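I would like the entire structure built from these sequences, with the hints used as guidance.
In order, the protein sequence lines correspond to chains C and B. All residue numbers for the first sequence refer to the numbering used here, where the first residue is 1 and numbers rise by one. All residue numbers for the second sequence refer to the numbering used here, where the first residue is 1 and numbers rise by one.
These are computed hints drawn from the structure, not numbers from a lab. Only a predicted model underlies this, so the values are computations on that prediction, with no experimental measurement involved. Be careful, since some hints might not be right.
Said to hold, decoys possible - Straight-line alpha carbon distances no greater than 30 Å define the calculated BS3-like cross-link-like pairs of lysine-lysine that follow:
hint: 1; chain 1: B; residue 1: 268; chain 2: B; residue 2: 252
hint: 2; chain 1: B; residue 1: 11; chain 2: C; residue 2: 17
hint: 3; chain 1: C; residue 1: 3; chain 2: B; residue 2: 268
hint: 4; chain 1: C; residue 1: 17; chain 2: B; residue 2: 63
To be verified - Okay, the calculated bits of chain B under chain C, using three or more residues with CB under 8 Å as the criterion:
hint: 5; stretch: 24-35
hint: 6; stretch: 204-211
A virtual CB, placed ideally from N, CA and C, is assigned to each residue, including glycine.
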Amino acid sequence: MPKIDLTMDVNGRKVAKQTEPHKRLLDFLREDLNLTGTKEGCGAGECGTCSVFVDGKLVKSCLMPAAKADGAKIETIEGLAKPGSLTPLQQAFHKTGASQCGYCIPGMVMAATSALRENPSAGIEEIKERLGGNICRCTGYTKIFEAVEIARDVIAGKLPETALDEDATGDSFIGANVRRLDAPSKVSGRLKYAADIKMVDMLQMQVLRAPMPHARIVSIDTSEAEAMDGVACVITADDVPGTDGFGVFVHDQPVMARGKVRHFGEAVAAVAAEDLVTARRALAKIKVEYEELPGIYAPEDALVDGAPVIHDYAQDNVIKHIPIRKGDIDKGFAEADLILEDVFTTQQVEHAYLEPEAGIAYVDHDDVVTVLSPSQNITHHRHMLADILALPINKVRFIMSAVGGGFGGKEDMIYQGMLALAAMKTHRPVQLTFTREESLVASAKRHPSKVHYKMGMKRSGEITAIEFDMLSDGGAYGMSSEGVMRKAAILSCGPYEVHNLKVDTTVVYTNNTPSGAFRTFGGMQAQFATESMMDMAAEALDMDPFELRRINMMKIGARTHTQQELTTASLDRVLDAAEEASRWETGAPRMRGGQRQDLGGPDTRRPCTLGARIGDAADTETKDERVAS
Amino acid sequence: MLICENYHVPKSLEEALRLWGDAPDGSRLVSGATDILPWAREGRAGDVEVPALIDVTKIPDLKGYTCQTGRIRLGAATVYQDFLTDRTLMTNLPCMPYCAIWFADDQIREQATVVGNLVNASPVADGTPPVVALNGEIELARLSGGSVQRRSVPVVDFIEGPGRTVIQPGEIATAVTVDSAYGYGGSFQKVGQRRSLVISVACCAALVRADSTGAVFEDVRLALGGVGPRPIRIRDAERRLKGERITRDLIKQVAQTAADEVGSRSRKDYRRDVVVNFVRAGLEEALANQPEIGAKFKNFGETENA
Ligand SMILES: Cc1cc2nc3c(=O)[nH]c(=O)nc-3n(C[C@H](O)[C@H](O)[C@H](O)COP(=O)(O)OP(=O)(O)OC[C@H]3O[C@@H](n4cnc5c(N)ncnc54)[C@H](O)[C@@H]3O)c2cc1C
Ligand code: FES
Ligand code: FES
Numbered sequence: 001m002p003k004i005d006l007t008m009d010v011n012g013r014k015v016a017k018q019t020e021p022h023k024r025l026l027d028f029l030r031e032d033l034n035l036t037g038t039k040e041g042c043g044a045g046e047c048g049t050c051s052v053f054v055d056g057k058l059v060k061s062c063l064m065p066a067a068k069a070d071g072a073k074i075e076t077i078e079g080l081a082k083p084g085s086l087t088p089l090q091q092a093f094h095k096t097g098a099s100q101c102g103y104c105i106p107g108m109v110m111a112a113t114s115a116l117r118e119n120p121s122a123g124i125e126e127i128k129e130r131l132g133g134n135i136c137r138c139t140g141y142t143k144i145f146e147a148v149e150i151a152r153d154v155i156a157g158k159l160p161e162t163a164l165d166e167d168a169t170g171d172s173f174i175g176a177n178v179r180r181l182d183a184p185s186k187v188s189g190r191l192k193y194a195a196d197i198k199m200v201d202m203l204q205m206q207v208l209r210a211p212m213p214h215a216r217i218v219s220i221d222t223s224e225a226e227a228m229d230g231v232a233c234v235i236t237a238d239d240v241p242g243t244d245g246f247g248v249f250v251h252d253q254p255v256m257a258r259g260k261v262r263h264f265g266e267a268v269a270a271v272a273a274e275d276l277v278t279a280r281r282a283l284a285k286i287k288v289e290y291e292e293l294p295g296i297y298a299p300e301d302a303l304v305d306g307a308p309v310i311h312d313y314a315q316d317n318v319i320k321h322i323p324i325r326k327g328d329i330d331k332g333f334a335e336a337d338l339i340l341e342d343v344f345t346t347q348q349v350e351h352a353y354l355e356p357e358a359g360i361a362y363v364d365h366d367d368v369v370t371v372l373s374p375s376q377n378i379t380h381h382r383h384m385l386a387d388i389l390a391l392p393i394n395k396v397r398f399i400m401s402a403v404g405g406g407f408g409g410k411e412d413m414i415y416q417g418m419l420a421l422a423a424m425k426t427h428r429p430v431q432l433t434f435t436r437e438e439s440l441v442a443s444a445k446r447h448p449s450k451v452h453y454k455m456g457m458k459r460s461g462e463i464t465a466i467e468f469d470m471l472s473d474g475g476a477y478g479m480s481s482e483g484v485m486r487k488a489a490i491l492s493c494g495p496y497e498v499h500n501l502k503v504d505t506t507v508v509y510t511n512n513t514p515s516g517a518f519r520t521f522g523g524m525q526a527q528f529a530t531e532s533m534m535d536m537a538a539e540a541l542d543m544d545p546f547e548l549r550r551i552n553m554m555k556i557g558a559r560t561h562t563q564q565e566l567t568t569a570s571l572d573r574v575l576d577a578a579e580e581a582s583r584w585e586t587g588a589p590r591m592r593g594g595q596r597q598d599l600g601g602p603d604t605r606r607p608c609t610l611g612a613r614i615g616d617a618a619d620t621e622t623k624d625e626r627v628a629s
Numbered sequence: 001m002l003i004c005e006n007y008h009v010p011k012s013l014e015e016a017l018r019l020w021g022d023a024p025d026g027s028r029l030v031s032g033a034t035d036i037l038p039w040a041r042e043g044r045a046g047d048v049e050v051p052a053l054i055d056v057t058k059i060p061d062l063k064g065y066t067c068q069t070g071r072i073r074l075g076a077a078t079v080y081q082d083f084l085t086d087r088t089l090m091t092n093l094p095c096m097p098y099c100a101i102w103f104a105d106d107q108i109r110e111q112a113t114v115v116g117n118l119v120n121a122s123p124v125a126d127g128t129p130p131v132v133a134l135n136g137e138i139e140l141a142r143l144s145g146g147s148v149q150r151r152s153v154p155v156v157d158f159i160e161g162p163g164r165t166v167i168q169p170g171e172i173a174t175a176v177t178v179d180s181a182y183g184y185g186g187s188f189q190k191v192g193q194r195r196s197l198v199i200s201v202a203c204c205a206a207l208v209r210a211d212s213t214g215a216v217f218e219d220v221r222l223a224l225g226g227v228g229p230r231p232i233r234i235r236d237a238e239r240r241l242k243g244e245r246i247t248r249d250l251i252k253q254v255a256q257t258a259a260d261e262v263g264s265r266s267r268k269d270y271r272r273d274v275v276v277n278f279v280r281a282g283l284e285e286a287l288a289n290q291p292e293i294g295a296k297f298k299n300f301g302e303t304e305n306a
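Written out as structure tokens, the structure reads:
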């Protein structure tokens, strides 16, 4: 590949390097200069994990060709403070707990630094605007904004430097602002995530993914790719030596598509090569012949007679059905004064952790196959991988690297197997870093669900019976579906004591992207249905929704839906707190919108505005800038 | 992934035009690279290998702006952030700061050029409506017999459809020339899914000058984005307002007619509603933003469904 010479001042040091002309400033910093505090969350300008200063202006280094920065002065997160120290902003981030997984944090610190450099007295609206290009998926931003305001005031001398110190804690840590031990490594960009780690002689992996959702693989021809200079190996399902299959409950997912593909974007083959470009070029040389199969794209269609079968072991396409029975619903509905029925649907959701999946595998000097990745489930992965590789458990090791956000989405072993196979085939370290697009197509999603709900109630508000029937889209593989259905069933009817209930949660295979674990693990879908139903019931009964909930809430001694007797219960206090915090206007929810007195209070979120700084500029405007007409 | 054999950073327009004229097929010009880099990704163009990228942002002629009689010539390297930091641009192009503040984010605006936005010719480009409202013309240069030849094309005619412009092989856009609208009130309306980093579903730029009493529309400029394949200047609405007394009713009536400008095939009803509200809000805000005179409007400018 041709080369170009670049000279830059990076963090006060003169750097002169040869590199490839296609590199982005982000690649140059990370790969050529090992400045990995600058991260790649999306590669498309959307997330801000790659923010750096170029000649004093903050830019997204994933959108800047490195050659554009030739001759420029670059400042990265590593250059903000001297080694061993932190800037006031970094200290403030540490103090307020503004870093969680930490993956967004270097970029966030850079954006905050830029905001305060551009306007040292920026108000909170302007700070929010100037941080608008940086996404955080963990913190909810509150702590970040708090940190920027503290730092601003300390820098301006309005707050003493001690404002950056840790809050004093008394006898108890509860309620105190306790510092995170790992925050300094995150606010300074020193923490290494899997994509930041380099090993000597390491290969780069790229994955060929299915261009259609359901197809038989007629043939895969990897010969041309394998013959390319710089390609170390190409792997397919045929390279799996042991029992192929992983999953949190059923081991129904092969390391790579075996015989057929079941969802768009499923891994079909992978290449390990000397560098990323060679690996990408090699992918284009792999020839796969597919025979398209009829697919299932809605869970209802999975259950009809004659539906295509996605997994041979599950001829009915059902991954799991969880039934719960308590009392007698016929009797309960017969006692009801009012019966409400409705259907509630929720959609697929992506976790969108800021760190795309990444990992490294190598075979160590004792022949231990070692996989380093931000896996949320390393022990289980280790056991599964040992079976897949047909190795004893002591020859497989998993190292959990810093997790740049998971939220359940990194529980599935969707790429570690491929890395291990390539490392075994080449006896060299192999690294794979997903692009954001790859993470979106290949990783699990929140289960889309549909709940048919029937609720019987007395005029008094007492629930007499509930029939709850949830059908969820599990997508192409089982992953955590079984557990999610269990949790959805257990939590189905909410924290209310229901004497007669019939709950069914069912998850089926389709050819959609697999569904898996996601914060609340099925609880959210169920609660959306139940709490919506409670509000609608309050309207129908002309009753205060808080009141209705108090009538039905589980108290000490209540039996849960799965018949556990409660020895503690706190819903009464939760409801009191929620009622007060929301300044709830007591009474039946008969009106909405502007007529309500409890809307638009001091802590409600205002609509988005932008332009705080335009108004400020207009105030100081002078006439002499007029262009002659 | 965008892979290139060569990355050129010419230091003069002649050098750039020569390189561009001689560049092998498939080579591309680059300004801020904020369109071209994300374009070469999975789901869009995928991996793209090009012989050469020619970066035109280091050419002195393309940097900065110059003021002529009643017009401002924005060099092709002018970026959106300039409309939020340069006082002369802010006051003379009063719709541009409002467009800029809704454009991508502070960091991308340091790179994203107006020219790149126009040449990219996305129907939802935010820069098109305000430039069209400012009677913008794009300046194109090419080499002919060894000397630089230039031509100017009004932006309304320059963009022919999604991704299509009248630019010819060998041509480089060197500037955008716009009216100075000093003393006008400007505004920009945009709707998308969030505040920063969002592509418009629809947008609208307005420029208004009321007479010294603040009672009569002296001049009105309205342009829409995101509702058709080409730039839309709503001349009809402008004519119906010019010279008339400023009333809420008139604004409402005229705004209603804007619905018929919507040519998009998708989400048509939604876009029709949005456009009507945008024209109304755009006019009201532009009046309120007019330096010195604007304040008057607030007396009768309470907005509904805002
Ligand atoms: C995260 C993100 C958010 C964005 N938000 C917005 C938004 O809110 N609104 C919006 O409208 N756009 C938005 N964009 C799109 C983009 O930033 C703009 O279109 C920008 O103005 C493009 O300018 P550029 O200089 O970066 O163009 P480039 O990417 O450098 O070039 C764009 C095109 O123009 C050509 N070109 C460049 N310079 C010249 C020249 N001098 N002569 C001839 N041809 C040339 C290139 O070959 C290319 O085809 C966004 C992009 C990203 C990544
Ligand atoms: S914005 Fe550059 S990696 Fe996301
Ligand atoms: S701390 Fe911001 S994304 Fe995790």
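Hint by hint, here is what the structure shows:
1. B/268 x B/252: holds, 20 Å
2. B/11 x C/17: holds, 21 Å
3. C/3 x B/268: violated, 50 Å
4. C/17 x B/63: holds, 28 Å
5. 24-35: Held - the stretch 24-35 of chain B has 4 residues with a Cβ nearer than 8 Å to chain C, which meets the minimum of three.
6. 204-211: violated (count 0)
In summary, the structure is inconsistent with hints 3, 6 from the numbered list given earlier, while agreeing with the others.
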